[in-house]
Amino acid sequence: GWDQKAVPLKRVVFHEITKQAVEEAFEHPRDIDMRLVNAQQARRILDRLVGYQISPLLWRRVQRGLSAGRVQSVCLRMVVDREAEIKAFEPVESWTLDVQLHKDSDPVDKPHIFTATLHSVKGKKGRISIAKEEEARSYQDELKEASYSVGEVRKRNVRQRPTAPFTTSTLQQEAGRKLRFTAQRTMVVAQQLYEGLAVGTEGSVGLITYMRTDSVQVAQTAVEEARQYIQQKYGKEYLPEKSRMYKTRSKSAQEAHEAIRPTSIRRDPDSLKPYLNNDQFRLYSLIWARMLASQMADAQSEATTVDIDASCAQSQQTYNFRATGSVLVFPGFRTLYLESRDDAEDDDAKKSLPPLQVG
31 GWDQKAVPLK RVVFHEITKQ AVEEAFEHPR DIDMRLVNAQ QARRILDRLV GYQISPLLWR
91 RVQRGLSAGR VQSVCLRMVV DREAEIKAFE PVESWTLDVQ LHKDSDPVDK PHIFTATLHS
151 VKGKKGRISI AKEEEARSYQ DELKEASYSV GEVRKRNVRQ RPTAPFTTST LQQEAGRKLR
211 FTAQRTMVVA QQLYEGLAVG TEGSVGLITY MRTDSVQVAQ TAVEEARQYI QQKYGKEYLP
271 EKSRMYKTRS KSAQEAHEAI RPTSIRRDPD SLKPYLNNDQ FRLYSLIWAR MLASQMADAQ
331 SEATTVDIDA SCAQSQQTYN FRATGSVLVF PGFRTLYLES RDDAEDDDAK KSLPPLQVG
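Last residue of the sequence shown: 389 in my numbering, with the numbers rising by one and none dropped.
There are no misleading hints in this set.
The list that follows gives simulated cross-link-like pairs (lysine to any residue, SDA-like), each with its CA atoms no further than 20 Å apart:
| # | residue 1 | residue 2 |
| --- | --- | --- |
| 1 | 152 | 184 |
| 2 | 266 | 191 |
| 3 | 185 | 337 |
| 4 | 49 | 294 |
| 5 | 208 | 308 |
| 6 | 277 | 254 |
Ranges between beta-carbon positions, derived for each pair:
| # | residue 1 | residue 2 | range |
| --- | --- | --- | --- |
| 7 | 382 | 65 | 55 to 61 Å |
| 8 | 65 | 273 | 28 to 34 Å |
| 9 | 69 | 37 | 23 to 29 Å |
| 10 | 72 | 215 | 30 to 36 Å |
| 11 | 161 | 352 | 18 to 24 Å |
| 12 | 273 | 61 | 27 to 33 Å |
What the hints contain is simulated information worked out from the structure, not anything from laboratory work. Since this is a predicted model, take the numbers as computed values, not measurements. Every residue, glycine too, gets a C-beta built ideally from N, C-alpha and C.
Work out the full structure, taking the sequences as your base and the hints as a guide.
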């Protein structure tokens, strides 16, 4: 075997196809790690036990060209189980009640209208629950004649941290939401960016690190490059005092590779646009912005919550409505990147409430 040969064998490892990364890997080769060798052999055996046995059965019973495997078959089972849960779900009817309000002092031709949601009944514990439309209509009729006053105003400062650079999973999810890419389309384009594209006088250059990874960790050299770029491009106020270090939450993460990031943050999307097709440009822009934003300062906003009392003379009941709004004080990383799951929440963040006082 290889371990019996007179000439010692070494292993070189690099996670990005750039001249610097390849040269550094050859300058610092490492010994063969038998744990990794054994892990590969275990995967090969499992592939043969699972894929080699089940795939022919699928050809005979279902359709030729189908395949089974130690990973994809387990994932398929998870999808099937989840679909069964969805089909078994029994929806429960539920209603909410909103009112549109404005201050009495607002100009008649241009009132600052805001929305408040029915929250509770004064003197009763817990949030109000409306199960039927008839019940909601009865509340609506009663509240039309109510008098409204501000019961309490609460303000707080909110800091929002940027999210970590992409893993394979988060890249597929975000590309699906923002770019409408399928998971397969995302990986095909990412592979092209990783393997290298002709970029002007540089020749063929790998533009991103390896795209099959479950790690959010980033090389310190890449972090420092990003911080320098942020300070030069956006200014010191957009740079946190210390570099941000991210840790993978999943206990099963192998972290054999870095997070998905540009091989050089200084290759901004606009400088590469002449050399990329549309899919490549859009996906690279997403990866570039996510990586750079991950090292930027927090976004800061002032969130306001207002409790409004609605007094009904007929029933002698007082209902509590709640309105929320937020004003962005300092954009921080949001100048560059907004995660898609925040897009819907951003509607609330953009809602500003008029200045309100108790009474």
